[in-house]
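Chemist: Following the hints, position chain B against chain A.
Taken in sequence, the protein lines are chains A and B.
For the first sequence, numbering that gives the first Met the number 0 gives the first residue as 0, with consecutive numbering after it.
For the second sequence, numbering that gives the first Met the number 0 gives the first residue as 0, with consecutive numbering after it.
The hints are simulated quantities; they were obtained by calculation from the structure and are not laboratory data.
These figures come from a predicted structure and were not determined experimentally.
There may be inaccurate statements among the hints.
[Unchecked claim] Covered stretches of chain B (in silico footprint by chain A; criterion: 3 or more residues with CB under 8 Å from a CB of chain A, positions within the stretch not fixed):
#1 444-453
#2 599-613
#3 700-711
[To be verified] Taking CB as the label site, the calculated pair distances span:
#4 A:Val77 <-> B:Arg648: 36 to 44 Å
#5 A:Gln109 <-> B:Thr619: 38 to 46 Å
#6 A:Gln109 <-> B:Leu765: 34 to 42 Å
#7 A:Val77 <-> B:Gln501: 20 to 28 Å
Just so it is clear, CB atoms sit at the ideal spot from N, CA and C, and this is done for glycine as well.
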Amino acid sequence: MKTKPLTTMKFSVLHFFSCSFLLVIILGSSCKKEDPKPNPPSNDEEYITSCHLVLTDSARGISKTYTYTDPDGIGGKVPYYGGIQQSDSVLVLSEQSTYHLNLILLNQLQVPVDTISKEVTSEGDAHMVFFNPEASQWIATHPHVLSLQSIPLWIRYNDYDNSASKLPIGLRTTWYTKSKTSGTGAIKIVLKHQPGVKNGLYAPGETDLEVVFKCVIL
Amino acid sequence: MLLRLSLILAIIIFIYTKPSAQNCNLSYTLALSEHDEIADASYAQLKDVLSGNVYTCDAQGYIVLQALCPGTYTFLLHHYACRDTVFMVHLTMSKVQTLQLSHYLHMLHDVHVTANRTEHNTLLFTHTLSASDVYRHQASGIAAVLAQAPGISEVKNGPGISKVMIHGMQGYRVLMLQEGMRFESQAWGNDHAPEMDAFLMTQIEVVKGAASVRYGSDAIGGVVLLRSPQLPDTGQIHGSAQLQYIGNGRMPAGAMQIQGHADAKGHIAWRLHTSGKYGGTVSAPLYAISNTGQHEGNMALQSAYHNTRWGTEIFVSRYNSALGLFSGSHLATMADLKAAIASSVPLQPSNAFSYQFEAPSQDVQHDFIKNAWHWHINDTWQLNTSLALQNNLRAEFDSHTRSSALKPAASYRLQGYQHEVVIEHQQWHGVKGQMGIQYAAQQNNAWGSSYMPNYIQHNGGLFALERMLVFKTAYGPALLEIGSRLDYRTLQTFFYKSNSLQEPFHTFLQNTAQIGLQIPTRLNGRLLCYIGSAWRPPSALELYANGLHHGVGAYEIGNSVLNSEKVINFQIHWTAETDRFHWESQMYYNGFLNYIYLYPSQKFALTLRGAYPIFEYAQTQAAIYGIDVLQRFKIHRTILNTTQITFVRGQDIRKHEPLIYMPADCIKSDIQWLKAYSHASVLMACGAQWVNRQWRLPATGDFAPAPQAYTICYVNTEYTFSWASKRLSCGMQIQNLFNKTYRSYLDRFRYFTDALGRSVNMQLRLHF
Numbered sequence: 000m001k002t003k004p005l006t007t008m009k010f011s012v013l014h015f016f017s018c019s020f021l022l023v024i025i026l027g028s029s030c031k032k033e034d035p036k037p038n039p040p041s042n043d044e045e046y047i048t049s050c051h052l053v054l055t056d057s058a059r060g061i062s063k064t065y066t067y068t069d070p071d072g073i074g075g076k077v078p079y080y081g082g083i084q085q086s087d088s089v090l091v092l093s094e095q096s097t098y099h100l101n102l103i104l105l106n107q108l109q110v111p112v113d114t115i116s117k118e119v120t121s122e123g124d125a126h127m128v129f130f131n132p133e134a135s136q137w138i139a140t141h142p143h144v145l146s147l148q149s150i151p152l153w154i155r156y157n158d159y160d161n162s163a164s165k166l167p168i169g170l171r172t173t174w175y176t177k178s179k180t181s182g183t184g185a186i187k188i189v190l191k192h193q194p195g196v197k198n199g200l201y202a203p204g205e206t207d208l209e210v211v212f213k214c215v216i217l
Numbered sequence: 000m001l002l003r004l005s006l007i008l009a010i011i012i013f014i015y016t017k018p019s020a021q022n023c024n025l026s027y028t029l030a031l032s033e034h035d036e037i038a039d040a041s042y043a044q045l046k047d048v049l050s051g052n053v054y055t056c057d058a059q060g061y062i063v064l065q066a067l068c069p070g071t072y073t074f075l076l077h078h079y080a081c082r083d084t085v086f087m088v089h090l091t092m093s094k095v096q097t098l099q100l101s102h103y104l105h106m107l108h109d110v111h112v113t114a115n116r117t118e119h120n121t122l123l124f125t126h127t128l129s130a131s132d133v134y135r136h137q138a139s140g141i142a143a144v145l146a147q148a149p150g151i152s153e154v155k156n157g158p159g160i161s162k163v164m165i166h167g168m169q170g171y172r173v174l175m176l177q178e179g180m181r182f183e184s185q186a187w188g189n190d191h192a193p194e195m196d197a198f199l200m201t202q203i204e205v206v207k208g209a210a211s212v213r214y215g216s217d218a219i220g221g222v223v224l225l226r227s228p229q230l231p232d233t234g235q236i237h238g239s240a241q242l243q244y245i246g247n248g249r250m251p252a253g254a255m256q257i258q259g260h261a262d263a264k265g266h267i268a269w270r271l272h273t274s275g276k277y278g279g280t281v282s283a284p285l286y287a288i289s290n291t292g293q294h295e296g297n298m299a300l301q302s303a304y305h306n307t308r309w310g311t312e313i314f315v316s317r318y319n320s321a322l323g324l325f326s327g328s329h330l331a332t333m334a335d336l337k338a339a340i341a342s343s344v345p346l347q348p349s350n351a352f353s354y355q356f357e358a359p360s361q362d363v364q365h366d367f368i369k370n371a372w373h374w375h376i377n378d379t380w381q382l383n384t385s386l387a388l389q390n391n392l393r394a395e396f397d398s399h400t401r402s403s404a405l406k407p408a409a410s411y412r413l414q415g416y417q418h419e420v421v422i423e424h425q426q427w428h429g430v431k432g433q434m435g436i437q438y439a440a441q442q443n444n445a446w447g448s449s450y451m452p453n454y455i456q457h458n459g460g461l462f463a464l465e466r467m468l469v470f471k472t473a474y475g476p477a478l479l480e481i482g483s484r485l486d487y488r489t490l491q492t493f494f495y496k497s498n499s500l501q502e503p504f505h506t507f508l509q510n511t512a513q514i515g516l517q518i519p520t521r522l523n524g525r526l527l528c529y530i531g532s533a534w535r536p537p538s539a540l541e542l543y544a545n546g547l548h549h550g551v552g553a554y555e556i557g558n559s560v561l562n563s564e565k566v567i568n569f570q571i572h573w574t575a576e577t578d579r580f581h582w583e584s585q586m587y588y589n590g591f592l593n594y595i596y597l598y599p600s601q602k603f604a605l606t607l608r609g610a611y612p613i614f615e616y617a618q619t620q621a622a623i624y625g626i627d628v629l630q631r632f633k634i635h636r637t638i639l640n641t642t643q644i645t646f647v648r649g650q651d652i653r654k655h656e657p658l659i660y661m662p663a664d665c666i667k668s669d670i671q672w673l674k675a676y677s678h679a680s681v682l683m684a685c686g687a688q689w690v691n692r693q694w695r696l697p698a699t700g701d702f703a704p705a706p707q708a709y710t711i712c713y714v715n716t717e718y719t720f721s722w723a724s725k726r727l728s729c730g731m732q733i734q735n736l737f738n739k740t741y742r743s744y745l746d747r748f749r750y751f752t753d754a755l756g757r758s759v760n761m762q763l764r765l766h767f
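Okay, chain A solo, but in the shape it has when bound:
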């Protein structure tokens, strides 16, 4: 056991604060200061601002384009259909006909305009388009053909990803109309992002696109 001698060191308030402030300066200056002003907002890269449905009548070769756009992105103005800001849009199809659908997705917030659908194709093993996912079923006798329950319409997928199981993507499809609809039905088109979990089913992944077009078969 030893005795602690009282210190003989002189120490004043002035020393005390000068030491402290010296440390503040050393530590403070070693810290890089960031400009508080942010850069103008950058947009979500994979964000889709417009969706174009190019429907080509296979018999007559006539195409018609239906669109749904939200040019200012999330927030701001409400998205609209067509070029003249309609609140909905009706796909008009003929019964017993075959149509080719090309789905074109754009991000107009990027300069130049980014064609998201190209990216979806190249990342095909992580994406899949679904039509009326809650009310459709695969037809057992025809591979990759979907039957919509609310509308007499079959949809065949024409594009496949590069994975071992060659699952469909759905940007290019062929639509077969069966009979007339009694009124106007609706088709919901959903693009799911399913990185690492794509299995041909709707459930996994996150939603990249969800649009609803009204549809009538005459």
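Modeler: Relative to chain A, chain B alone:
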């Protein structure tokens, strides 16, 4: 030395061990004499720091400790009129020491003063987490350790991500202090946990109640005080090493500390600390919860010098972590969220176990530098000053963006600077207390798709907190504490609105006050009646959020006219302690003015991804009240029962409905058997926790109904051996013993998956 002892003594906390070993028959007597100014030596209390045992002074001025084993003891001498003093005593034979109460610094030889503890606390009761609770849960993070205390809940958002909730309040309403300084991290998100090394911050105290006078804004629900162990003041280079293994997640974790001490016209002490963990996918009873790995690596360096006049210390630490977020919980739209909630099992196919994880994930780094000085001006006055610099970097990776593995979807940098000068005084014209000035600055920068605006914030505060004896009772002095504080804050935010830069500037001025009366009672008890106020200004996020909250599927809109949130806290706290019985109870009522909350506006933001529900920030009048009870009862010399009860109620007074996300009623009870031998001890314990269904719910606002009530059980065994000055202890715990499937109301995971299944954990700890 302290650590060596902490091990064995931690285990025998709250139990008088009367080992049969022949050599534990020493006594230690401290004879107190009174200085003129000191009222009454018989009010002095001596606390064995490691065991927690408290010894009181008899009428003749003697504190007598019997049946002690040889070894080193650390004592804290407490007297209401003096500074708490910590000193060490080496006992090889029975001894008697004398000391004069006012002159702790000039104590007679053989008493080695190791610290003049700065009183950071007010009269408000602080609950100290026991060392065994800390060791047992530290691998699961700070919040898991804190949840062992009554009145505290854990808000989980995945393994490695959990926040502390005190009396139903969390986030901006709980203040965390690391080494006495405000801990500044990106804590505004649900998925942001306190970014702190739980292996180092082992001295944990919780102040439950509004305490803005001493600690400033945000101390609404309470304050968590986290410190590293005291630096050594004697002995050779020594340290500790520990290894832990958490079965669920197959996570090895470890920590190592080396510390030393030297004498050179004073005492120089230092410590090096490092810790890490490496966890993989965790599992619910029925399936794995994919992408839930967590990796962490930390280090810290501490050094201190002190002599009898002045002292200084420096603390530098770095925290690094990377963790995966359960992919099924990170969803793009409300439709995805609804589908995931509707399904009873996760929609994502659950992957096999893996230590690796992918986006969504986060990388966090936190640097902390602190320098503190103290100077004893004379026996009465002491000057303390400290400053801290913090730098918090956070990168959040989103599975949604291109090249997500390389480029974070959002990243943040939060820089903090703090400085405080506090003058403490002992009994002076009948009062004892402290006064101080605090200044803090904070700057936040965000990049990428963040809805958090950039901001710069300055805060200045001025406070005084004084305590005095008001009357004497048969059981000791009754103390009155009065405090007041003035704060001024400026907040400048920077964000773009319709492509033009906005720079709104806000100022906030607030005064807070507190008054508390502490009356000693029978059974070594203390009764505290307390009224205190606290406040917090609205944060930059609450004022100016405008954007999509990724991962939650909600569009959040700030409210630029929000006022400061204020609370008045009333509480009655009673603690009592006898040989066989320990009791803590707290009843509290918090009345809120301008309670800030996020409510579903029933509007939707339409996009090509679907409709996002819009949530807006609003204010209301609210009340949060409840009761906490902790009881320890020694059934037999070796058998101890501990029971904890937590009841919290929250009410929106304006809307006449319960507040959302309040903890459900919880009762926890365990029984432990401990047998101590001269060189070993054995502990076995088992317990259960019952959590009720949260049946008080608002009509709207939640995505899913509250989960059912559940009970989970756990067992714990520990063995400790000691030889020479070394100690080895090994332990095993089983959490969720019966692998019960359940979901907890406060767990954000409950929307998507069951809570974690059984986990068999092991620990090995060596003090050398």
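Chemist: Which numbered conditions among the earlier hints are violated in the structure presented, ordered from lowest to highest?
Modeler: Checked against the structure, the hints that fail are numbers 3 and 6, while the rest are satisfied.
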